[in-house]
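Given only the sequences and the hints, what does the whole structure look like? Please build it.
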Amino acid sequence: MTEVWTVLHSEVAYEGGWWRLRLDRCKTPADAVINAYPVLEYPDWVNIVALRREDRKVILTREYRHGSGQSVLALPGGTVERNEVLAGDQGRTAAARRELLEETGYLANDIRLIGTFLPNAATHSNRLISYLATDVSLHQDASIDDEAGTEIPLEFMAIDELVGLIRTGKALMESGHVAAIYAAANELRELA
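Take the sequence shown: its position 79, counted from the start at 1, is 79 in our numbering, and no numbers get skipped.
Hints should not be assumed to be uniformly reliable.
Stated by the list, open to error - Mimicking SDA-like on lysine to any residue, the simulated pairs with C-alpha atoms at most 25 Å apart in a straight line are: (1) 57 - 18; (2) 57 - 70; (3) 57 - 92; (4) 170 - 152; (5) 170 - 67.
None of these hints come from the bench; they were simulated from the model. Keep in mind the model is a prediction, meaning the values are calculated, not measured.
Have a look at this one:
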């Protein structure tokens, strides 16, 4: 087993709303000292592969992501709020239901955990918890806007079609969303 580094000193270099940059001075098991190792501290995230009741299509959002400079397909999801963190597994499940409803107007009538992932274990402190909902119905119009104040458009796609687009590079998505989609496709095959 790989030995962990010893943190000699930690300081917050930047704090901005829902994340902060921490710089750690670390000592490795080989006694090397790293003076300013960057760690991005985020709260845990959730996403949900949600299938509409009427046609079993995956509900997707399309949003501009400034880091990549592109509009990308995404699963509904977001940050686990502090009160949801304190509630443990039930709180994270509630966060997935909340994000689905806020972003899409759809309500998950069933929900199951399909995976927990590390978005970037080298530099990020958080986890991504992914869920599958196979019985989702429209409950209300989505009223949530993205951070730029624009409405979030929705797209609907069969999961096999989505997996095919990902495999051929025609659907560029965040890696945690791809992992959740593959986990959901596997789970759905096992349920069939």
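Distance restraint between residue 57 and residue 18, which requires alpha-carbon spacing of 25 Å or less
Violated, because 32 Å separates the two Cα atoms, which is more than 25 Å.
Taken at face value, is the distance from the CA of residue 67 to the CA of residue 170 at most 25 Å?
holds (19 Å)
Sort out whether residue 92 lies within 25 Å of residue 57, counting only the CA atoms.
holds (24 Å)
Next pair to validate is residue 57 with residue 70; report whether the Cα-Cα distance is within 25 Å.
Answer holds: residue 57 to residue 70 is near 24 Å, not above 25 Å.
Holds or violated: residue 170 with residue 152, Cα cutoff 25 Å?
Measuring from Cα to Cα gives roughly 20 Å; hence the hint holds.
When each numbered hint is compared with the structure, a violation occurs for hint 1 only.
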